[in-house]
Amino acid sequence: MTDIPAPRHIPDRLDKPFRSAIFSWEALLIVVAVAIFAINSFASPYFLDPYSLSDLTFNFTEKGLIAFAMALLIISGEIDLSVAAIIALASTMMGMAVQAGAGTPVLVLIGIVVGLGCGAFNGLLVTRLGLPSIVVTIGTMSLFRGIAFIILGDQAYKGYPESFAFFGQGYVWWVVSFELVLFLIAAVVYWFLLHRTSFGRRVFAIGNNPVAAQFSGVRVGRIKFILFCLTGLMSGIASVLITSRLGSTRPSIAQGYELEVITMVVLGGVSILGGAGSIVGVVLAAFIMGLVTFGLGLLNVPGIVMSIFIGVLLIIVIALPIVWRRLRGSS
Amino acid sequence: MKAFLKYREIWLAAAIIVLIGLISTRFPAFADPGNLRQVFNDTSILMILALGQMVVILTRSIDLSMASNLCFTGMVVAMLNAAHPAIPIPALIVIALAVGLVLGAINGLLVWLLNIPSIVVTLGTLTIYRGVTFVLSGGAWVNADKMSPDFIGFQRAAFLGIPVLSWIAILVIALFFVLMTRTALGRSIYAIGVNPTASVYTGIDVGRTKFIVFCISGMIGGLAGYLWISRYVIASVEVANGYELNIIAACVIGGISIAGGIGSVGGAVLGALFLGIISNALPVINISPFWQMAISGSAIILAVVLNARGERQQGRIILRKAEVA
Numbered sequence: 001m002t003d004i005p006a007p008r009h010i011p012d013r014l015d016k017p018f019r020s021a022i023f024s025w026e027a028l029l030i031v032v033a034v035a036i037f038a039i040n041s042f043a044s045p046y047f048l049d050p051y052s053l054s055d056l057t058f059n060f061t062e063k064g065l066i067a068f069a070m071a072l073l074i075i076s077g078e079i080d081l082s083v084a085a086i087i088a089l090a091s092t093m094m095g096m097a098v099q100a101g102a103g104t105p106v107l108v109l110i111g112i113v114v115g116l117g118c119g120a121f122n123g124l125l126v127t128r129l130g131l132p133s134i135v136v137t138i139g140t141m142s143l144f145r146g147i148a149f150i151i152l153g154d155q156a157y158k159g160y161p162e163s164f165a166f167f168g169q170g171y172v173w174w175v176v177s178f179e180l181v182l183f184l185i186a187a188v189v190y191w192f193l194l195h196r197t198s199f200g201r202r203v204f205a206i207g208n209n210p211v212a213a214q215f216s217g218v219r220v221g222r223i224k225f226i227l228f229c230l231t232g233l234m235s236g237i238a239s240v241l242i243t244s245r246l247g248s249t250r251p252s253i254a255q256g257y258e259l260e261v262i263t264m265v266v267l268g269g270v271s272i273l274g275g276a277g278s279i280v281g282v283v284l285a286a287f288i289m290g291l292v293t294f295g296l297g298l299l300n301v302p303g304i305v306m307s308i309f310i311g312v313l314l315i316i317v318i319a320l321p322i323v324w325r326r327l328r329g330s331s
Numbered sequence: 001m002k003a004f005l006k007y008r009e010i011w012l013a014a015a016i017i018v019l020i021g022l023i024s025t026r027f028p029a030f031a032d033p034g035n036l037r038q039v040f041n042d043t044s045i046l047m048i049l050a051l052g053q054m055v056v057i058l059t060r061s062i063d064l065s066m067a068s069n070l071c072f073t074g075m076v077v078a079m080l081n082a083a084h085p086a087i088p089i090p091a092l093i094v095i096a097l098a099v100g101l102v103l104g105a106i107n108g109l110l111v112w113l114l115n116i117p118s119i120v121v122t123l124g125t126l127t128i129y130r131g132v133t134f135v136l137s138g139g140a141w142v143n144a145d146k147m148s149p150d151f152i153g154f155q156r157a158a159f160l161g162i163p164v165l166s167w168i169a170i171l172v173i174a175l176f177f178v179l180m181t182r183t184a185l186g187r188s189i190y191a192i193g194v195n196p197t198a199s200v201y202t203g204i205d206v207g208r209t210k211f212i213v214f215c216i217s218g219m220i221g222g223l224a225g226y227l228w229i230s231r232y233v234i235a236s237v238e239v240a241n242g243y244e245l246n247i248i249a250a251c252v253i254g255g256i257s258i259a260g261g262i263g264s265v266g267g268a269v270l271g272a273l274f275l276g277i278i279s280n281a282l283p284v285i286n287i288s289p290f291w292q293m294a295i296s297g298s299a300i301i302l303a304v305v306l307n308a309r310g311e312r313q314q315g316r317i318i319l320r321k322a323e324v325a
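Those protein sequences? They're chains F and W, same order as listed. Quick note on numbering: the first sequence equals residues 1 to 331 in the working numbering. Quick note on numbering: the second sequence equals residues 1 to 325 in the working numbering.
These are calculated hints, taken from the structure and not from any lab test. Ideal Cβ placement from N, Cα and C applies to all residues, glycine included. Among the hints, erroneous ones may be present.
[Unchecked claim] Where chain F lies over chain W, by a calculated footprint (3+ residues, C-beta under 8 Å):
1) 132 to 139
2) 286 to 297
[Stated by the list, open to error] One side only, chain F facing chain W, incomplete, derived with CB under 10 Å:
3) L125
4) L129
5) G139
6) I262
Only chain F is shown next, with the shape it has when bound in the complex (with noise of 0.2 Å):
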């Protein structure tokens, strides 16, 4: 009955028998997935298309991006709340470098180096000065958002060329989007990252149990650092693909977005209290908040109505395992 972490083994890649496998958490999104799937190709004519499929990914990419760096902060043990606050600040310099009259590449550039910064600083404040980072990171939520409207106020920036709306409308191959591709490419690399590297295990490592990973040696301080700079990095990515596909910049823009991203990787089955979870989870997690937000746009279920199945899907997906431990344990 207490936030004391029970001993824990590393649930990441042990050689895993058949039976556990289909006990596991990502079997249990997967059936979720294919669950709403369904539910909403009877409940609308018009869910089974190519092209609505499609607009379906929009739904998720962007915040799909931000939660896999999510997804390995968190394992480390560390939370970022500033993510979309980031999103903000850099959409804003990306709008400034447009008055300026930048080309696309510069402006691609501003916002990912924006992203990298922000990341950067927290990062900085959180392993140099050694303070809680969802603390750290509900003040610099504040500060980059805080800028932002600095700069901005109620105007808007408007006014990017016609080659920069691409990367957030633009389609790689028929329906295939390349803030799609741009994802699936991300999931493989920190699939990579996490699981088949030696990065990935002291990621695991520090989220277990910072101290024995100090003393092996882990260089804690500098993985966590990285980590942050992963996050603000890939926040940056998302916001050169939200302002490309919106076509302007407000200082309000992606309000709320960190609170989703956290539920996402939540929902992959990502401990909160850090040391276990996949990205394969996160990219199921992904998909199932995508189909559930679609599907009931397409019933015309009014946005704020959804949010209520979203969150009522991660307490029940967090919940079920443990009923169900609970239950087989007592009989």
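Take the given structure of chain F and dock chain W to it, following the hints.
Chain W only, in chain F's frame:
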């Protein structure tokens, strides 16, 4: 340790006095007792909410759903008032407390019985409660013209020259002061934050105490719901959107450690006042209100840097040495 805590609040109080001093160099009337009373009244709701959040944070938990609770409860009392203007205000306040209590108890039960981390539970209920507000109201607003004069006027009525809203804040502060310093529950809340394992061995039911603190923060959210709606005289789904982070910011500036166990009623009140003074001062000294967000963000970062320095000096010395070695 007690002396040290007092020390920190004195520093925060000094910072607030310096802040008021700086503002009054640009706008002398700001330091008027009448104006300061006005600032206190403006900050009352934030102070009440910060106290509710404080008891949760002290037990190493967090309640992200307070602003959504406020929104929902506010909508309930506003709709009740619009439909049945005859219901007296004290009864409405009791209803607000009860509705808030139910919402808080839902959080608390999930944390207590299922042992789900509070940040996950309240992240979920944050969106659920606001969504349910939409379902309840059908997206419609309740405007001032639908509210009864009593509903709007109650908190504005002056008693001994001070509005009722301020009196409610003072009453809540007093209650929390008694709770935290004079009751066994208050001591248990601190104990859980400092060391949950040791608390279990001393006979404290950690889960139940966490349930109680979520009930408290829920009731506070409900009370603030009525106060907020009757103050800004509009009930909509957008009420206090994103305000949960302001509440936490007030706690952090007030020196309440997010790691639990450290913090006081005075700190929470001063932290809220600090934010309240900034938001009241910016317009009068001709700084665009768009600066407010960045300033409070900087204040949070500064506060957490300073507080972390304070926390590092005390306790846990054995562990620190081991870490260095």
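>> Tell me if the interface restraint on F:I262 is satisfied: Cβ within less than 10 Å of some Cβ in chain W.
In response: Since chain W brings a Cβ to about 7 Å from F:I262, closer than 10 Å, the hint holds.
> Does F:L129 meet its interface restraint, that is, does its C-beta lie within less than 10 Å of any C-beta in chain W?
Replying inline: Given a least distance of 6 Å, the restraint on F:L129 holds.
> Holds or violated: F:L125 as interface residue toward chain W, Cβ cutoff 10 Å?
Replying inline: holds, 7 Å
> Does F:G139 meet its interface restraint, that is, does its C-beta lie within less than 10 Å of any C-beta in chain W?
Replying inline: holds, 3 Å
> Count the residues of the region 286 to 297 of chain W with a beta-carbon closer than 8 Å to any beta-carbon of chain F: does the count reach three?
Replying inline: holds (count 9)
> Are there at least three residues in the region 132 to 139 of chain W whose beta carbon sits under 8 Å from a beta carbon of chain F?
Replying inline: holds (count 4)
Every hint from the earlier list agrees with this structure, and none is contradicted.
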